[in-house]
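K.L.:
Protein chains in written order, with my numbering: chain A, 1 to 349; chain B, 1 to 349; chain C, 1 to 352; chain D, 1 to 352.
A hint or two may mislead.
Claimed, not checked - To spell it out: a stretch of chain D is covered by chain C in this simulated footprint if at least three of its residues, at any positions, have a beta carbon under 8 Å from a beta carbon of chain C; those stretches are:
1. 97–110
2. 229–238
3. 249–261
4. 279–293
Said to hold, decoys possible - Distance ranges between label pairs, derived from CB positions:
5. C/T180 x D/Q243: 43 to 49 Å
6. D/T203 x C/Q243: 58 to 64 Å
7. B/T340 x D/K40: 32 to 38 Å
8. B/P331 x A/E347: 26 to 32 Å
9. A/D257 x D/Q243: 51 to 57 Å
10. B/T340 x D/E348: 36 to 42 Å
11. B/Q336 x C/E246: 50 to 56 Å
Claimed, not checked - Cut-off 27 Å, straight-line C-alpha distance, at most; resulting in silico cross-link-like pairs (DSSO-like, lysine-lysine):
12. D/K277 x D/K310
13. D/K310 x B/K173
14. D/K64 x D/K277
15. C/K310 x A/K173
16. D/K277 x C/K310
17. C/K310 x D/K310
18. A/K173 x C/K64
19. D/K64 x B/K173
None of these hints come from the bench; they were simulated from the model. Just so you know, these numbers come straight off a predicted model, no measurement behind them. Cβ coordinates follow ideal geometry from the N, Cα and C atoms, glycine included.
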Amino acid sequence: MTTKPALAAVDDDAAPLSNQQLRELYTLMAAVRHLDTSAVAWQRQGIIPGYAPELGQEAAQVGSGYAVDRSRDFVFPTYREMGVARAMGLDMVGYMSTHKATWHGGMYNPVESRFAPIQAVVAGSVLHAVGWAHGQTLAAPDEGTGVAMTYFGDGASSQGDVHEAMNFAAVMKAPVVFFIQNNGWAISVPTERQVAGGSVAARAAGYGIPALQVDGNDVVAVYEATRSAFAHCRNGNGPVVIEAMTYRRGPHSTADDPGRYRTLEEERLDAGEDPLERFKQRLLADGVADEAFFADAQRKAEEEAEVIRMGIQDLGPRPGAEMFNLVFQEPTPALQSQATAWREESEHV
Amino acid sequence: MTTKPALAAVDDDAAPLSNQQLRELYTLMAAVRHLDTSAVAWQRQGIIPGYAPELGQEAAQVGSGYAVDRSRDFVFPTYREMGVARAMGLDMVGYMSTHKATWHGGMYNPVESRFAPIQAVVAGSVLHAVGWAHGQTLAAPDEGTGVAMTYFGDGASSQGDVHEAMNFAAVMKAPVVFFIQNNGWAISVPTERQVAGGSVAARAAGYGIPALQVDGNDVVAVYEATRSAFAHCRNGNGPVVIEAMTYRRGPHSTADDPGRYRTLEEERLDAGEDPLERFKQRLLADGVADEAFFADAQRKAEEEAEVIRMGIQDLGPRPGAEMFNLVFQEPTPALQSQATAWREESEHV
Amino acid sequence: MSETITEMPPVIPAAAGIQQLSMQQALNRALDEVLAQNPKTVIFGEDCGRLGGVFRITDGLQAKHGEDRVFDTPLAESGILGMSVGLAMAGFHPIPEVQFDGFAYPAINQIVCQIARMNYRSRGTLPMPITLRVPSFGGIRAPEHHGESLEALFAHVPGLKVVSPSNPHDAYHLLKYAATRPDPVIFMEPKSRYWQKGPVDLTPAAADTTAPDGGNLTGARVAREGRHLTLVAWGAMVSRCLQVAELAAEDGIDIEVLDLRWLKPIDAEALARSVAKTRRAVVVHEAPLTSGLGAEVAQLITQGCFDTLKAPVERVTGFDVPYPSGDLEDEYIPNIDRILFGIQRVLEYRRG
Amino acid sequence: MSETITEMPPVIPAAAGIQQLSMQQALNRALDEVLAQNPKTVIFGEDCGRLGGVFRITDGLQAKHGEDRVFDTPLAESGILGMSVGLAMAGFHPIPEVQFDGFAYPAINQIVCQIARMNYRSRGTLPMPITLRVPSFGGIRAPEHHGESLEALFAHVPGLKVVSPSNPHDAYHLLKYAATRPDPVIFMEPKSRYWQKGPVDLTPAAADTTAPDGGNLTGARVAREGRHLTLVAWGAMVSRCLQVAELAAEDGIDIEVLDLRWLKPIDAEALARSVAKTRRAVVVHEAPLTSGLGAEVAQLITQGCFDTLKAPVERVTGFDVPYPSGDLEDEYIPNIDRILFGIQRVLEYRRG
Ligand SMILES: Cc1ncc(C[n+]2csc(CCOP(=O)(O)OP(=O)(O)O)c2C)c(N)n1
Ligand SMILES: Cc1ncc(C[n+]2csc(CCOP(=O)(O)OP(=O)(O)O)c2C)c(N)n1
Ligand SMILES: [Mg+2]
Ligand SMILES: [Mg+2]
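Using the sequences provided together with the hints, build the complete structure.
P.N.:
Encoded structure:
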């Protein structure tokens with residue numbers, strides 16, 4: 001699998017990643033890996049009711065999230081973009097609170113973090129990215145505009161909204177990066193029975209959109225593809241499709257039982273090399289990092305996860321009044337009287 | 001524009017159209033042309049409240065409809081497939097009754113005529129074709145199965161349902177012909193601001209579906225492309241996309257005023273040669289038909305339209321009881337009591 | 001009696017600011033002014049730009065305000081509404097149009113799961129100031145899916161507000177009001193009333209929620225006062241109810257007509273106020289009966305006036321059948337006879 | 001008192017055909033039998049085949065009946081429902097599944113404009129025997145859009161029938177009944193009840209519309225008899241109402257619980273019969289209040305029992321807010337306290 005450079009502005013001048021950045025990428029991936037496996041454990045321990053692991057997708061998520069310019073871009077995640085969130089520096093207790101069942105969209109501030117509320121509708125926010133991106137064109141057509149990056153899966157690619165979004169984006173030349181993580185599965189359905197033609201990237205040509213299919217387990221390749229796509233979009237050349245080929249190594253969610261639809265042997269064969277281990281070997285081989293660095297990264301990851309665990313455990317339920325207060329900007333009398341009734345009957349005040 | 005033969009089974013052995021068939025095609029086109037212009041006149045005369053002309057699309061409609069095997073295929077039209085209906089031998093009073101506002105789906109029998117009820121939702125029935133076609137596979141996987149042909153426009157191609165349909169059809173290898181009439185316009189929006197990438201046929205590759213882009217004003221080319229597509233589908237090779245490039249010479253509907261979005265000069269330039277006149281010249285040049293034949297075709301068309309006009313004028317409103325009786329196969333008591341109330345209050349029985 | 005006069009809000013003085021406008025003109029003018037006032041307002045949809053909309057509600061706006069502000073989209077309703085969410089997140093106030101009521105269905109997922117919830121999901125950080133215009137209801141002998149009434153669906157969705165004007169004056173003021181709100185509003189335009197003229201007082205509203213005639217923009221409106229029975233309606237049914245009231249007056253029956261206007265939130269106080277006086281009510285709508293908004297209205301009235309209500313609230317509505325073709329339209333939409341029968345049932349109701 | 005017993009249809013004899021099954025098992029068994037009986041039945045949806053559905057309702061059916069009869073589709077709800085229309089036109093009886101309630105929205109256009117209308121549009125020549133299974137309602141602390149109640153929307157759509165079982169016995173019989181009808185039925189499964197066991201009489205129904213226990217499958221069901229007040233509910237709220245009735249009984253209040261079962265058409269006679277006796281009613285549902293099905297139920301009761309009703313019908317429902325996250329779920333769904341408050345309001349109601 002190779003990245004086919006098909007973009008108008010490939011950001012060729014961009015400097016290659018410094019050793020410092022490569023190490024930062026590794027640190028991020030290690031943090032994400034550890035937080036992800038911790039979250040699964042927390043679910044088993046009853047700390048959170050459910051979780052959607054991204055095990056195996058760390059390179060795709062960290063590599064792409066690392067390319068985001070948080071001063072002007074905006075990211076539209078699904079329910080599985082924990083690694084992107086972490087790479088973008090989100091408040092991870094706020095992020096994980098969605099899995100604690102505290103608040104559906106998460107408790108982080110999406111405006112400040114440039115990371116839209118967690119989206120549970122498959123393909124639900126792909127069109128939002130197009131609208132947001134077109135808004136950037138309308139607001140500042142000539143400057144290097146902000147770029148929207150919308151994440152979705154191989155399964156999501158079947159939704160009509162994805163087609164409408166790609167067509168709208170291409171017609172309007174909206175600065176959108178459609179970032180597909182093709183992780184081989186949509187719950188129990190493998191990509192070959194989901195994506196006719198076999199590749200989501202191949203769809204792009206039909207809209208005149210350039211596409212990059214990239215090894216989603218190679219964090220540097222993902223980062224570079226994303227950076228190029230951003231440059232392309234920022235320069236007014238319209239949308240780009242990136243399909244990062246990766247593998248969902250874990251269950252769909254903590255409620256899922258992959259044993260019903262794939263064998264361990266299949267998993268082992270199809271998953272390929274572990275993206276974290278692979279990156280580690282590369283950094284070692286290139287002399288960018290040593291074992292002490294990796295040990296340190298692991299220790300930091302563990303400390304971080306521990307802080308997040310404590311934060312999550314401290315999270316109380318939201319006050320019930322928020323159910324009513326956060327529906328509208330301008331509350332309605334009808335809703336206010338429901339809030340009053342609720343308070344009287346449920347809080348017994 | 002050429003038909004790119006990209007099909008697994010191109011029906012190469014099929015005999016070329018006989019002169020008799022060519023004349024029949026012309027007769028059909030002439031009948032359609034005359035009925036179409038008559039219907040516009042009837043609307044002006046107050047005989048029917050509205051109509052969606054297909055002026056300029058006679059070749060695309062007659063050529064494709066002529067390829068349907070009415071013993072096993074099934075057609076899913078939009079609101080503009082009068083020419084297909086006529087080519088398939090529908091009861092045209094039953095067909096036109098939809099424009100008389102008699103009954104939304106038309107008064108013909110869709111099961112017997114192999115022509116689904118008229119569909120007013122843009123792209124509304126594209127998925128039905130896929131389901132129907134998959135039903136043929138399930139019922140008789142190994143025989144030459146019935147094929148579904150679904151019609152839609154350049155505008156409709158933007159709908160999410162079209163994407164879902166193409167993907168489903170390709171995943172299931174359903175025998176579906178997606179027949180697009182790209183007539184340059186979706187009401188006031190030209191194809192170039194509608195179809196990113198410029199061609200609906202180009203979308204097919206992304207699903208691994210073979211596509212034919214064909215001169216939609218050449219009735220023979222359309223017929224041959226459709227026949228090939230049917231052969232491909234019938235032999236178990238999955239769906240085909242045909243994009244017939246044509247032009248909507250008239251208004252979108254009798255309520256539309258094209259002067260608001262295109263000049264007469266643009267219309268003249270973009271419409272190209274009239275498909276009926278063009279076919280006539282070809283038949284003349286090839287010695288397949290003479291002026292007497294054309295005069296006769298015209299006379300027959302006029303007689304036919306006159307009979308249809310009388311049929312339409314004779315159509316009374318449907319009995320109001322049908323509103324209630326035709327909702328369910330098994331009526332509900334609640335609805336029956338509404339029917340009773342209606343009868344008492346509105347028919348004063 | 002002419003419809004125009006029947007429809008006038010009571011006692012509008014012949015002020016300088018009053019013009020005779022059709023609802024189409026009033027809506028067009030409201031959009032023009034909203035575009036001029038708020039540079040973040042954008043209008044778009046199928047055929048909204050160059051053509052000015054199939055009903056010409058956006059006529060001339062693209063030429064005047066530019067192609068960035070008023071534009072055509074590809075033909076995809078989910079796309080239009082989904083894009084609206086993103087534009088709202090980027091700080092715009094989108095005023096999308098769905099070409100006809102029945103074509104809102106492809107966008108329901110975006111409307112219900114996204115537009116109505118993004119403010120909530122984002123804990124108030126991403127408001128959705130989206131004003132969705134939907135030419136609505138029947139009565140124009142149109143093709144299938146062009147005569148639908150979706151108010152019950154919209155009103156049930158938490159996070160949406162829903163309004164429908166019945167005359168040009170309200171159309172102008174309610175649209176200006178809705179299009180400046182920070183929350184999503186579904187604006188249901190009674191398409192059969194687009195071409196009826198009526199007086200519109202164009203004097204700018206004093207306060208946000210007050211129309212120049214002194215009426216409040218957020219509640220229901222008494223379209224005609226009466227003592228014997230309250231007819232509750234919205235959209236095109238208001239003028240029909242006013243006609244019915246005229247007819248009933250000839251028989252000495254004095255009917256109050258309440259134009260509900262806001263279908264979410266519903267002005268329950270106005271309902272109770274009116275029916276407390278008349279003690280009888282009939283609610284009229286075009287949508288099918290079962291689970292229609294008439295049930296909500298009836299139940300609100302019953303709750304508010306249980307003690308004094310003389311008869312169960314009647315509902316005169318469309319039937320539980322798909323909206324029929326033109327030839328049967330008049331059988332489906334509540335007609336004068338059926339409304340009179342409903343009134344009669346209420347007036348003649350005797351306990352036991 | 002154990003829930004299983006509370007939920008039993010009254011007086012089921014310990015016959016040979018009675019088994020203790022969870023609702024999940026009962027539904028699975030019903031589908032298995034329907035597949036065996038009608039070769040034209042096909043089951044499909046997201047993860048329905050190999051996995052057997054995320055709730056395992058179709059567990060084992062693909063292995064037993066083959067990949068042609070039970071299959072996975074790509075991830076697109078409009079596609080699934082649109083495909084169902086075509087299969088029905090081709091003579092099949094599709095039983096599609098939408099994975100969760102909230103993901104029915106992307107398919108609403110196909111459900112409302114196509115499935116519900118094709119029989120009508122085609123003048124009865126193209127029936128739509130489609131049984132759409134929708135795991136519904138809340139109560140399982142799931143992610144967003146996994147706890148929605150769409151019955152008001154579905155019930156408003158002409159051409160659809162809507163049913164929701166509250167216990168394993170009814171789940172088995174109602175699904176077998178629905179899946180053999182020539183009309184489209186939306187089958188709303190209360191997902192929070194999937195794993196509760198209860199007795200199911202598997203004896204084949206004598207006639208089409210009659211369950212072996214002699215109850216009729218087409219109407220409502222008296223889940224508990226009582227004299228002082230009627231609680232009307234469906235789905236998961238039925239067992240909660242039965243719990244409430246137990247509690248109220250301790251205070252000497254004898255409550256009748258009516259399991260509505262069919263949400264379209266609604267059994268108005270059963271409502272009137274019950275409330276004619278009790279003269280007081282509270283309707284309970286999870287969906288938001290405004291324009292919810294509770295309004296329709298309340299209005300039907302008021303129409304049927306206006307003379308004898310002692311208090312306006314109360315509605316204890318979800319609030320007009322988006323379904324909240326797990327932590328606030330119990331605040332949103334009608335809980336025992338809120339239902340008791342509603343009952344109290346009705347019992348204490350005094351005129352004037
Ligand atoms: C519209 C919609 N339909 C169904 C679901 C249920 N669902 C949640 S995730 C999922 C599979 C998604 O697969 P994919 O897009 O490949 O993403 P992945 O889970 O692999 O990250 C499904 C069916 C949903 N959330 N939204
Ligand atoms: C879902 C939906 N949206 C909007 C409309 C209104 N409408 C009817 S025809 C049309 C244009 C269709 O264009 P195209 O698909 O190119 O077909 P053509 O009319 O050119 O034959 C529109 C917008 C509709 N009928 N259905
Ligand atoms: Mg996936
Ligand atoms: Mg067109």
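K.L.:
Run every hint past the structure and note whether it holds.
P.N.:
Against the structure, the hints:
1. 97–110: Contact hint for the stretch 97–110 of chain D vs chain C: holds, 5 residues under 8 Å.
2. 229–238: Result for this restraint: violated, n = 0.
3. 249–261: Since three or more residues must qualify, the claim that chain C covers the stretch 249–261 of chain D is violated, with 0 doing so at under 8 Å.
4. 279–293: That given contact holds, which follows from 6 residues of the stretch 279–293 of chain D lying within Cβ reach (below 8 Å) of chain C.
5. C/T180 x D/Q243: 43 to 49 Å: 48 Å, holds
6. D/T203 x C/Q243: 58 to 64 Å: 59 Å, holds
7. B/T340 x D/K40: 32 to 38 Å: The hinted range 32 to 38 Å holds for B/T340 and D/K40, with Cβ atoms some 35 Å apart.
8. B/P331 x A/E347: 26 to 32 Å: The hint (26 to 32 Å, Cβ to Cβ) is violated, given that B/P331 and A/E347 are roughly 49 Å apart.
9. A/D257 x D/Q243: 51 to 57 Å: Given a distance of about 32 Å, which is not inside 51 to 57 Å, the answer is violated.
10. B/T340 x D/E348: 36 to 42 Å: Holds, at about 40 Å.
11. B/Q336 x C/E246: 50 to 56 Å: Given about 34 Å between the Cβ atoms, the range is violated.
12. D/K277 x D/K310: Holds - the C-alpha atoms of D/K310 and D/K277 are around 11 Å apart, at most 27 Å.
13. D/K310 x B/K173: 63 Å, violated
14. D/K64 x D/K277: Cα-Cα ~49 Å, so violated.
15. C/K310 x A/K173: Status violated; Cα separation ~63 Å.
16. D/K277 x C/K310: 21 Å, holds
17. C/K310 x D/K310: The given pair, whose Cα atoms are some 14 Å apart, holds under the 27 Å limit.
18. A/K173 x C/K64: Answer holds: A/K173 to C/K64 is near 23 Å, not above 27 Å.
19. D/K64 x B/K173: 23 Å, holds
In this structure, the earlier hints numbered 2, 3, 8, 9, 11, 13, 14 and 15 are contradicted, and the remaining ones agree with it.
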